[in-house]
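Chemist: Sequence:
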Amino acid sequence: MVKRLTFSPADHARISEAIRQAEAETTGEIFAVFARSSDTYLGQATATALAFSLAAGLVTSTILFAAGIPVPALALELAQALGALALVGLLIAVPASRLLLVPRGVQLRHARRLARAQFLSHNVHATEARTGILLFVSEAEHHAEVIADSGIAAKVPQEAWDAVVDRLTEAAGADRLADGFVLAAEDAGRLLARHFPGRPGDRNELPDRIVEI
Numbered sequence: 094m095v096k097r098l099t100f101s102p103a104d105h106a107r108i109s110e111a112i113r114q115a116e117a118e119t120t121g122e123i124f125a126v127f128a129r130s131s132d133t134y135l136g137q138a139t140a141t142a143l144a145f146s147l148a149a150g151l152v153t154s155t156i157l158f159a160a161g162i163p164v165p166a167l168a169l170e171l172a173q174a175l176g177a178l179a180l181v182g183l184l185i186a187v188p189a190s191r192l193l194l195v196p197r198g199v200q201l202r203h204a205r206r207l208a209r210a211q212f213l214s215h216n217v218h219a220t221e222a223r224t225g226i227l228l229f230v231s232e233a234e235h236h237a238e239v240i241a242d243s244g245i246a247a248k249v250p251q252e253a254w255d256a257v258v259d260r261l262t263e264a265a266g267a268d269r270l271a272d273g274f275v276l277a278a279e280d281a282g283r284l285l286a287r288h289f290p291g292r293p294g295d296r297n298e299l300p301d302r303i304v305e306i
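If you count the sequence shown from 1, you need to add 93 to reach the numbering used here.
Simulated from the structure, these hints should not be mistaken for laboratory data.
Just so you know, nobody snuck in bad clues.
For lysine to aspartate or glutamate, the following DMTMM-like pairs were computed, each having C-alpha atoms within a straight-line distance of at most 25 Å:
(1) Lys248 to Asp295
(2) Lys248 to Asp301
(3) Lys248 to Glu118
(4) Lys248 to Glu298
(5) Lys248 to Glu238
(6) Lys248 to Asp259
(7) Lys248 to Glu221
(8) Lys248 to Glu279
Can you make the complete structure from the sequences, with help from the hints?
Modeler: Rendered as structure tokens:
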């Protein structure tokens with residue numbers, strides 16, 4: 094069984110505190126989202142499974158015909174239908190199995206699309222100076238990224254955020270997901286403080302927390 098990454102109430106508190114501490118030194122804003130999966134993938138996985146089932150039936154019937162083994166067409170069709178039903182049942186019962194039938198590129202497109210949707214839905218793009226960033230992880234796709242708003246992207250190169258992601262994913266891979274988000278918040282805070290130092294009266298524009306979806 095694949096072990097699911099989880100957060101305890103204490104983990105939530107640690108991540109929130111790490112974000113608060115990071116933002117104390119900068120006018121930048123940090124928001125975090127953790128997704129179990131970026132899509133159900135049921136439709137595409139089912140279509141792929143049915144295509145495999147059809148191909149397997151055609152290959153089987155061809156081999157039997159070439160070997161001179163008489164098999165009623167109805168029996169082949171029934172076996173193919175039962176095989177297809179079994180595959181679809183597996184995909185419904187075990188969601189993780191769907192990703193085995195979905196190309197990696199498709200998974201990444203879904204994860205990146207969800208990250209951008211979360212960036213917008215949580216108003217990370219709506220800070221006064223456009224200095225918000227999103228720390229995003231999607232567990233099923235093993236994908237993490239940092240999305241920086243336009244005010245930050247103009248000053249902080251993508252390579253710097255890639256390094257933040259590397260530390261986050263390294264910790265997540267070691268089953269230390271909460272530590273990964275804490276490290277990411279600390280690293281992001283240092284980068285933001287360098288280019289967007291804090292100033293008196295700066296208000297907190299985004300909640301200091303991680304959202305699980």
